[in-house]
Amino acid sequence: MNKIYKPKIGRRNVLKGVGVTVAGATALVAGAETVEAKATVPRWVMVMDLRKCIGCRACTVACKSENDVSLGRFRTVIQEKTVGKFPDTKKWFLPIMCNHCEGNEKDGIPPCVKVCPEYPGKRMTFKTADGGKVRYRGGATYKRPDGLVLIDSELCIGCGKCIDACPYGVRSFNPFVKAGKDQTKQAADKCDMCKERIANGIDPSCVNTCQGRARIFGDLNDPNSEVAKLVKEHNLAKNVLLPEEDTNPHVFYIDPDNILKDLYKKREKGKLDHYVDLIP
Amino acid sequence: MEKLNRRNFMIFAGASGTALAAGVGKSKKALAGNVTFKNGGRDFSPLTGKERMAIPTACWSCVTRDSMIGYVEDGRLKKLEGHPGSIRTLGKLCAKGQAGVNQVYFPDRILHPLQRVGKRGEHKWKRISWDDALDLIASKLKPLRDAGTPELFMYQYGRHKASQAATMYDFMAAYGTKTIGNHTSVCEAGKWVGQESLWGGMYDNWDYDKTDYVVNFGSNQFEAHTNHIPTSQRLIRAMVDRGVPLYTFDVRLSNTAAKSTKWIPIKPGHDGLVMLAMINVIMNEGLFRKDHFKFMRVTPDYHATTDQKIAAIKREVAKFTPEFAEQKSSVPAAIIKEIARGFAKAKAACLVTYRGTVMHYHGADQERAAMLLAAITNNLDTPGGRVMGVGAGWKAPSTPAAKVHKGLHLKDGFEGEAAFPTHHVSHQILPVIKDGFAGRPKVYWWSCYNPAFVNGDNKELSSILRDESIMPFLITTTISYDESSQYADLILPDVTYLERWDWEDMVSANQIAEFYIRQPLIKPLGEARCQGDVWPDLAKRIGFEMAWKSKKDYVRQSCEMTPGVKDVGGFDYMVKEGVWHDPNDKGNYGFYAKKVDVSGDGVILDDKTGVYWNWKKAGVESQAKAKKEGYLGIPGAKSSYVAQNIEGTPYSAYAPNTSFTKSGLLDFYSDNFKSKGLPAFPTYTPAPDHEAMADDELIMTTYKVAVHSHSRTTHCKWLSEIKHDNPGWINADTAAQRGISDGDTIKVHNELGSITTTAYVTEGIIPGVIAISHHFGRQHSGIYGSGKSDPINGGASNDPDATNMTWKKHGVHPNAIIPNRSDPISGTMRWMDTVVRVNKA
Amino acid sequence: MASPRNDMIEMAKARTNVYGLLADIFRAEPSQDLLSKLKDKEFSIALHTLNLSLDELFESTSQKQLLEDLAIEYTYLFIGPGSHISPHESMHTQARFGEVNELWGVATVDVKKFMEGAGLKVAESFTGMPDHISIEFEFMQRLLLKEVEAWTADEQEFGANIIKIEKRFYDEHLSQWVSIFCDKVIKAAKGPFYRQFCEVTKAFIDFEKVIMQDLIDEKEETDRLSA
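Residue numbers (this note's numbering), protein chains in the order written: chain A, 1 to 280; chain B, 1 to 841; chain C, 1 to 227.
Just so you know, these hints were derived from the structure itself, not from any lab. Predicted model, so just to flag it, every value in this text is computed and none were measured. Where hints are given, some of them may not hold.
[Unchecked claim] Capping the alpha-carbon separation at 25 Å, the derived lysine to any residue pairs in SDA-like fashion look like this: (1) B/Lys-549 x C/Ser-125; (2) C/Lys-219 x B/Val-35; (3) A/Lys-269 x B/Trp-807; (4) A/Lys-90 x B/Val-35; (5) B/Lys-704 x A/Thr-89; (6) C/Lys-184 x B/Ile-464.
[Said to hold, decoys possible] Label-pair ranges, simulated between beta-carbon atoms: (7) A/Lys-85 x C/Asp-183: 58 to 66 Å; (8) C/Val-210 x B/Asp-43: 39 to 47 Å; (9) B/Asp-43 x C/Gln-94: 21 to 29 Å; (10) C/Lys-187 x B/Glu-122: 21 to 29 Å.
Ideal placement from N, C-alpha and C gives every residue a C-beta, glycine not left out.
For reference, chain A alone in the conformation it holds in the complex:
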């Protein structure tokens, strides 16, 4: 039992050959301060195929396991809703998670980042797969040039502003992690798209275990990627949660039955009970 297992069938190497040359850097890499002319920057996104989600919750639990998510909160959940009159009753499932928003057209800063008192913090460098460098600003909550909205718990002061500011309510305090800058408080936490996994070329945990392949992860900047093709084929640019919030979410939904609007249960102000995975 002490041999390292190396699967013969390799997982899709998401980092290989990704990215397109960024021409108008600010348009594609919003929030970045400088982009080297030749750097190819990925834009990680998720496409959710609602036709294929069977409400099995393997993603919810795989996420708990991957990220040691404590009880009482989640990094991804399935919302479900029963509609219609018997016998023409339907039940729908909706996987939701952090939308890794791009932020509005004007400033390209997601609302959670905007309210973070520690943002903009120190200058950071993002290295691309081809060795290019992109400069950006860090914070307790910040957006990386590859589109991931991340938390640095060491910089967090535990103020909770980002938790309140997220229109999707996908953030919570982690009872097991202290805010780095205020040890009396807990740090904010949320989906980080399994950043260590994707750094190693492995799909996020929820994607890895999704039976129906309802969750598809990849680089939107790579026109040959499955996600780029799906976004184009199904015209998904506007098939996102709460487009009216102007947050520019990067979790897209394939929704041919047009159920997204009726299905999604929004957060109530100051509450997070929409973001609990609970089978009725």
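With chain A's structure known, arrange chains B and C on it following the hints.
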């Protein structure tokens, strides 16, 4: 006490030293090696790098047993994922599988052998050593064996499969007891009995990769199924990627029904009738396909022509018009016709059934109707249809059986309870023991099984375990303290499936057998020990030797014995890769249509049945006698079956591989059934108690959700967080008639008693039914499953995460008011037939 | 007056003995042998000097009955089934960076690595987890035995380094949870045996903090003076 200072400390230390100097503490050292430091202890720094391993193994959260990879970091299991190289699971794992980590580390896990010291149910225990525990067991078992009464030792198991079952059976045979109980009758025994009466074997796979149309009766496979991950992912992808329609008949809008092209609500127990009505449509509209008719027998005549068969089927189903079916089942005739036509016209179609169909009165006969519907459309054992599944065929070492090898007849229910209990009547084992007509075991040992929770009338079963006058010595092997183990005399700490060895053999979804193994990801926690390691040790203490030294040794020997596996590298290969299948295997299709050589010595043709059989192999004295008595006249002749003569050609056909004596034809006309006064041809037999129901009565059904197995997951925090309560699903109209609103507290009651839950008023269930999932209402399932770690007086849990636990409800157990009643054909438990009244509490 | 070196040896031996005994007390239910020793006058007097006593327990109950009672008490307190008080560090301390502490948790791994860093391994024959209270005590006992060897061989620097390593293990592990654990046991214990041993353990753990600092200071002072 006094604060310590140098003076009193030295006195105390001196006395401690005296105690130690006497030799105490020398024998129980836990640390090996010598204290050594580099650089004389300067700059001491323990290693901080993480030691990571990825190990192929297999799940056991349910019987699907997915092959998977375990990721271990510094001796701690961190994560489980599907094995990407598996042709069964295609790298996927379900929620229960993902929560396997919880199975190892839940805070209420039993980690030491415990001996009862109080009264049964008093929860008073003493930890004892494994040596003492095994000596104690041997002291009970050896005298029974020496006295020539090994059958007074009974063993009963829940989830034992593959090598876990094989090692146990090997031990039991070497010891000498055949008093072994299973749990299949609470699972789906009626399905297998129905299939065996036709196929001569069992376990249907649904060939979704190749199908064009799926009709599903009572299987919630998007949430739970005996082959969940391999089948459900293929089905949803077939639907979306290839546009395959799925029609689901269910009393309830399960996730499967919800994702179906159409959900067709149906009254409980009427699946078979709707199938017969579909057959009626297909036969009368000439939509049937004749291809498979030559393998079917539909009348007493073994040699009927296809036309005669067509006429006979039409005759048999004539009364089951769609209109008749609509009246009884509440499925509109138009829908029956539409789906019948779609099913028959599809290039390849799957007919799916499961517990919703079979856990009823005459459930086994309804399964026979399903087989008939598949056969007349040529969707039986053909690509894209309902096919006999294949799993790995392992070879394994075996120990000689004891000279005295016998059993008490406890497992087939009460006299006359079931005509063909080929998978036994496990829910009645404890009542039969209590009754005493077939004797009572002196030692009863159960494992991976919780009889006082999983069966009907579970409170009664619990009282049988509690009563010391019924069985004097109870042993259980378990990872958790539960409704049954609380009454044991000895609790042995089991390993979880993530800490043990096995070879595995669950059926593939693509008709190609996959060989795979399970190996320990970590060293067993505490003193937990694998039963496969316990048997050889126990055998020695009783006075015999097993042919293998440990479970690992058993698996190793099996790998070196099994063709195919052996050739690619045997044990070492399997340890490294975890899975293997024959790359040249084209899949198990058309096995029944193989032409067979009947020239062998002793092979004769039985004129009546058309069976070629070997009279010599059957042990008949002469060919003349064999001819005279015939294949059916010689008891046991079925084991010498060679082929079936079909239109002059000997075909392998459907060999009688189970206890049913039959020809090689699919016995849609069954002499076996007829001989017991049961319908020879599939028919509609309503449950007598349902015919007599009062207007205000409802039928209660139970079901599984996606995140729990029946009884072995509520202690898993990530699963119980998502689902921990089980309100009663009730249709809005049915609720309104009783003045019940959503969320009201309701009482569900019948002659057995009453349970209280909340009403989930929904448009997602047929009127006249209340559906309650059967996972909850645990008496003991640790802090996460029952909300209390301590059976005695409550208290905080050990797990720091328990402070984050948000749920306070733990549901109700419907089994308390479900009587243990069996399908008179198969002995399967009638889970879905219970008549109740529901009131606002 | 005793030489400083003899002082060091004496103190290290004393601490070795206490850790050794406590390791035994928490390892499993008491054996007959252990119980007999604890009944001895010397131990009884030692307890009396701490204002504790098990005399009444030993007098009122036959040895056979006491063995049974203590086995049941041990099971009830530390094993279960039910809400026992897990004698493992990882069940009583908070993990860092979102890692959830539970059975074989972060603390367990830290303890294991610490022990491995000192050249020790959990024996194959031992079926428990490395952060069991009795293993942590046994580890300190082993470090102290080495310390005694060092002083005896007059390896001054080595002896002092070992004390620092003991102190580090104490700071990172024992001090983080043993008192918390003992308080829980004192509250839950039904009889005086485990209650009193937990009182002693708690007092000892408090004392250790003082004594190890003293030893380090004394050693530095001696070194400074002799320099």
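Results for each hint:
1. B/Lys-549 x C/Ser-125: Status holds; Cα separation ~18 Å.
2. C/Lys-219 x B/Val-35: 22 Å, holds
3. A/Lys-269 x B/Trp-807: 23 Å, holds
4. A/Lys-90 x B/Val-35: 67 Å, violated
5. B/Lys-704 x A/Thr-89: Holds. B/Lys-704 to A/Thr-89 sits at ~20 Å (cutoff 25 Å).
6. C/Lys-184 x B/Ile-464: Since the Cα atoms of C/Lys-184 and B/Ile-464 sit roughly 37 Å apart, the hinted pair is violated (cutoff 25 Å).
7. A/Lys-85 x C/Asp-183: 58 to 66 Å: At roughly 60 Å between Cβ atoms, C/Asp-183 and A/Lys-85 fall inside 58 to 66 Å, so the hint holds.
8. C/Val-210 x B/Asp-43: 39 to 47 Å: 26 Å, violated
9. B/Asp-43 x C/Gln-94: 21 to 29 Å: 28 Å, holds
10. C/Lys-187 x B/Glu-122: 21 to 29 Å: Between C/Lys-187 and B/Glu-122, where Cβ atoms are some 23 Å apart, the hint holds.
Of the numbered hints listed earlier, those contradicted by the structure are 4, 6, 8.
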